[in-house]
Amino acid sequence: MKALAGGYARARDVTHALDLLAQADGMGRVLAGGQSLIAAMNMRLSTGDMLVDISRIADLRGVAVEDGCLRIGALTRHADIGTDPLVATHAPLLVQAVHHIAHAAIRNRGTIGGSLAHADPAAEFPACVLALGGTIHLQGPEGVRQVAAEDFFVDVFETAIEEGEILTAITLPLLEAGERHVLIETARRSGDYALAGLCVVKRAAGHRVTAFSVGPRPVLAMAAMERLDAGDTAGAVDALRAEIDPPSDTQASAAYRRHLAGVLLTRALHDLTGETA
Amino acid sequence: MTEAFRDRIDIALTVNGEAVEGRVPAGRHLIDFLRLDLGLTGSHASCEHGVCGACTIHVDGQAVRGCLMLAAQADGAEVWTLEGLTETGVIRDLQDAFVERNALQCGYCTPGMLASIKELLDMGGVPDRATIREHLSGNYCRCTGYEAIIDAVESVAKARAGEAAA
Ligand SMILES: Cc1cc2nc3c(=O)[nH]c(=O)nc-3n(C[C@H](O)[C@H](O)[C@H](O)COP(=O)(O)OP(=O)(O)OC[C@H]3O[C@@H](n4cnc5c(N)ncnc54)[C@H](O)[C@@H]3O)c2cc1C
Ligand code: FES
Ligand code: FES
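First to last, the sequence lines map onto chains A and B.
Going by the numbering used here, the first sequence opens with residue 138, and the numbers climb by one from there.
Going by the numbering used here, the second sequence opens with residue 18, and the numbers climb by one from there.
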């Protein structure tokens with residue numbers, strides 16, 4: 138099908154983009170990589186949008202270490218994340234994620250900011266940022282604000298971004314000595330959204346586990362984390378299966394997703410320790 | 018409508034090495050602009066939501082989905098479609114290998130396949146079959162069963178590496 142957009146404007150910088158959104162009478166829609174939005178427009182799931190194309194705002198693209206954090210600009214593309222040396226050093230979880238996201242041509246245009254703002258429950262980056270305890274930076278007519286990943290993902294395709302706001306960057310803690318990351322998922326075909334997936338981060342302070350494609354938003358698996366910190370891997374698998382409430386759909390049943398999540402945790406721990414859990 | 022937003026956008030870009038200008042509706046995707054407005058029907062459109070890869074073209078040196086980019090976003094860009102890639106001869110060896118190995122039947126997927134493969138081959142070296150498969154995972158073919166396509170890519174990669182070494 139063909140898209141019906143209400144209008145298009147290319148933003149020069151963030152201030153201009155915010156002005157454009159403010160002028161759009163509630164119909165404003167940020168266009169970043171377009172790899173979810175244009176697909177939705179072509180399917181007429183979204184019509185009449187006043188598109189604010191932010192894709193050429195150079196300030197929003199790139200990776201840096203700043204104030205003791207890894208800062209990733211919202212427009213940094215999936216393909217760039219996959220090859221960036223700072224990301225490889227400080228957030229290897231994101232590099233692992235890139236290999237599972239869509240296909241090469243889509244990774245050439247899709248952006249991390251778009252992925253977080255879109256908040257598909259099966260997407261990898263939201264679960265990664267939650268597992269790493271990241272912070273999402275927003276800018277709106279009232280100024281800038283920061284939202285912890287724990288508070289950012291609200292529901293299916295719904296985040297803490299308010300009308301008229303733009304996601305500008307993500308910050309993540311720098312990798313500490315001995316820290317380990319594993320992302321693992323099962324999908325029917327390479328590049329498909331996962332049937333279920335997990336991120337496991339092991340730090341001196343303890344484990345952080347997130348699950349994706351098992352509910353309306355990525356889940357921080359607190360009970361499983363608590364069991365892992367206690368050294369009880371079998372208990373962690375049971376706890377994870379108990380604390381998620383996955384949906385049944387044409388791809389997989391809830392029971393299968395719950396089972397799969399436990400299997401993936403066992404495999405992730407194996408990858409993490411080199412031992413059979 | 019406010020002044021800043023437009024429902025028709027003037028664009029100027031290069032397509033297959035030639036300067037092109039156009040005025041496009043805001044919702045027009047790049048592949049329709051190329052096929053319907055410029056008559057460059059070599060690159061195909063099928064699913065129009067990013068799944069099949071038939072619309073894969075090169076924009077500013079990268080393989081992208083022509084159906085997931087607006088024509089308005091291509092202002093100032095350098096675009097290559099199958100016509101241009103054919104005329105310049107840059108994928109002649111690959112096209113010959115496709116014919117030789119029967120790597121196409123109906124040919125619907127072929128323009129997108131070739132554009133995706135060009136990106137992989139341009140990275141240099143000889144990718145293993147798993148890497149080739151992974152790189153082409155977003156290009157659907159309903160006819161060949163893929164094996165012949167992988168064979169063609171592998172043979173061209175090896176031939177090019179041999180030439181580079183010679
Ligand atoms: C065939 C296919 C397979 C895919 N498979 C996967 C997969 O396996 N895993 C996965 O994670 N993703 C997958 N994707 C989605 C892809 O990763 C997208 O790139 C991503 O979801 C959206 O990023 P984008 O930059 O393209 O955003 P856009 O499509 O431009 O925007 C998406 C939404 O986010 C909003 N938005 C974007 N950027 C901002 C911002 N900076 N501030 C505020 N709002 C913003 C837009 O208004 C829009 O509502 C797939 C896509 C396709 C077409
Ligand atoms: S037509 Fe673009 S991916 Fe199918
Ligand atoms: S040759 Fe027919 S779809 Fe590939």
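Note that these hints are calculated values from the structure, not bench results.
No residue lacks a Cβ here, since even glycine has one placed at the ideal position from N, Cα and C.
Check each hint, because a few of them may be wrong.
[Stated by the list, open to error] Sample of chain B residues facing chain A (criterion: CB under 7 Å; computed from the structure):
1. I28
2. H66
3. D77
4. L85
5. V116
6. N119
7. G162
[As the list claims (entries may be wrong)] The following label-pair restraints were derived from C-beta to C-beta distances:
8. B:N119 to A:E299: 51 to 59 Å
9. B:A181 to A:P353: 29 to 37 Å
10. A:M180 to B:T58: 20 to 28 Å
11. A:H153 to B:R146: 17 to 25 Å
12. A:L182 to B:R177: 53 to 61 Å
13. A:R149 to B:E104: 45 to 53 Å
14. A:D288 to B:R109: 39 to 47 Å
15. A:H153 to B:T31: 25 to 33 Å
Looking at the structure, which of the earlier hints fail to hold? When the structure is compared with the hints, numbers 1, 3, 5, 6, 7, 9, 11, 12, 13, 14 turn out to be violated.
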